[in-house]
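Just so you know, the protein sequences line up as chains A and B, in that order. In terms of the numbering used here, the first sequence opens at residue 1 and continues consecutively. In terms of the numbering used here, the second sequence opens at residue 1001 and continues consecutively.
No wet-lab data here; the hints were simulated from the structure. Be aware that a few hints might be false.
Said to hold, decoys possible - Computed list of lysine to aspartate or glutamate pairs in EDC-like fashion (alpha-carbon distance at most 20 Å, straight line): (1) A:K78 with A:E56; (2) A:K42 with B:D1067; (3) A:K57 with B:E1016; (4) A:K42 with A:D71; (5) A:K42 with B:D1082; (6) B:K1003 with A:E85; (7) B:K1003 with A:E59; (8) B:K1003 with B:D1082; (9) B:K1003 with A:E44; (10) A:K42 with A:E18; (11) B:K1106 with B:D1031; (12) B:K1106 with B:E1066; (13) A:K42 with B:D1094; (14) A:K57 with B:D1031.
Since we're looking at a predicted model, the values are computed, not measured.
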Amino acid sequence: EPEVTQTPSHQVTQMGQEVILRCVPISNHLYFYWYRQILGQKVEFLVSFYNNEISEKSEIFDDQFSVERPDGSNFTLKIRSTKLEDSAMYFCASTPRAANYGYTFGSGTRLTVV
Amino acid sequence: DAKTTQPNSMESNEEEPVHLPCNHSTISGTDYIHWYRQLPSQGPEYVIHGLTSNVNNRMASLAIAEDRKSSTLILHRATLRDAAVYYCILNNNDMRFGAGTRLTVKP
């Protein structure tokens, strides 16, 4: 069964450093998403991406965050200057279309900011 | 934020059916009802979705009320592996998670 692949599985970074989280969505999917989950809390929507641009973003997705699809396969989330509160699991998801199809999630990247 | 209401937790016995309820009284005509689950230390996993009619797949069944203001996810025979947080989400190109229902399955 096709999978959404995320790398790395765990990243430790110093506060103030830039990090890039990588995702390879399922190849024929058109919509891409980033979510995050702080330990013990609910899954929070960050951003949706379609046709090479952001469709929607939450209030969490401020100027420190950016997304990119640099080639035909990768979908990245960049955090420019990490803060301690950015420590969380970050999940990438993709779907062929939006509402009428299930989303496939990756296994996540655990980001630890020290 | 999430526009659904679910019980915080439910318990079930292994090999018995489980009915997980969800209220979504403010659902709009274009909202699809999605269910996901999250096993411990894993990412969310798609379970099932529907619009108006009841749906069945290999994982579960989804029963949707005629007025669409509520739905029920049915696991026909719970296993220990089904212990997870189950999320009912209204999706209209914008999918937001709530707190979900934590299902405990007792042997």
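Going through the hints against the structure:
1. The hinted pair formed by K78 (chain A) and E56 (chain A) meets the criterion: a straight-line CA distance of about 16 Å does not exceed 20 Å.
2. Only pairs whose Cα atoms come within 20 Å are accepted, and K42 (chain A) paired with D1067 (chain B) is rejected, the gap being roughly 28 Å.
3. Pair hint K57 (chain A) plus E1016 (chain B) does not hold up; C-alpha atoms about 41 Å apart against a cutoff of 20 Å.
4. Straight-line distance between C-alpha atoms of K42 (chain A) and D71 (chain A) comes to about 31 Å, which puts the hinted pair past the 20 Å bound.
5. This hinted pair checks out: K42 (chain A) and D1082 (chain B) have alpha carbons roughly 19 Å apart, not beyond 20 Å.
6. Restraint check: the Cα-Cα separation between K1003 (chain B) and E85 (chain A) comes to about 26 Å, which exceeds 20 Å; the hinted pair is violated.
7. Note on K1003 (chain B) and E59 (chain A): the hinted pairing holds, with a Cα-Cα distance of about 17 Å set against a maximum of 20 Å.
8. Taking the CA atoms of K1003 (chain B) and D1082 (chain B), the gap is about 24 Å. The hint is violated against a cut of 20 Å.
9. Restraint check for K1003 (chain B) and E44 (chain A): satisfied, since their Cα atoms lie roughly 14 Å apart, inside the 20 Å limit.
10. Our distance criterion of 20 Å between C-alpha atoms is broken by K42 (chain A) and E18 (chain A), whose separation comes to about 25 Å.
11. At most 20 Å may separate the alpha-carbon atoms for a hinted pair to count; K1106 (chain B) and D1031 (chain B) exceed this at roughly 34 Å.
12. Using a Cα cut-off of 20 Å, the hinted pair K1106 (chain B) and E1066 (chain B) is violated, with the two alpha carbons roughly 32 Å apart.
13. With a C-alpha separation of about 16 Å, the suggested pairing of K42 (chain A) with D1094 (chain B) holds against the 20 Å cut-off.
14. For the suggested pair K57 (chain A) and D1031 (chain B), the alpha carbons sit about 19 Å apart, so the restraint of at most 20 Å is met.
The structure fails hints 2, 3, 4, 6, 8, 10, 11, 12 (numbered hints given earlier, in ascending order).
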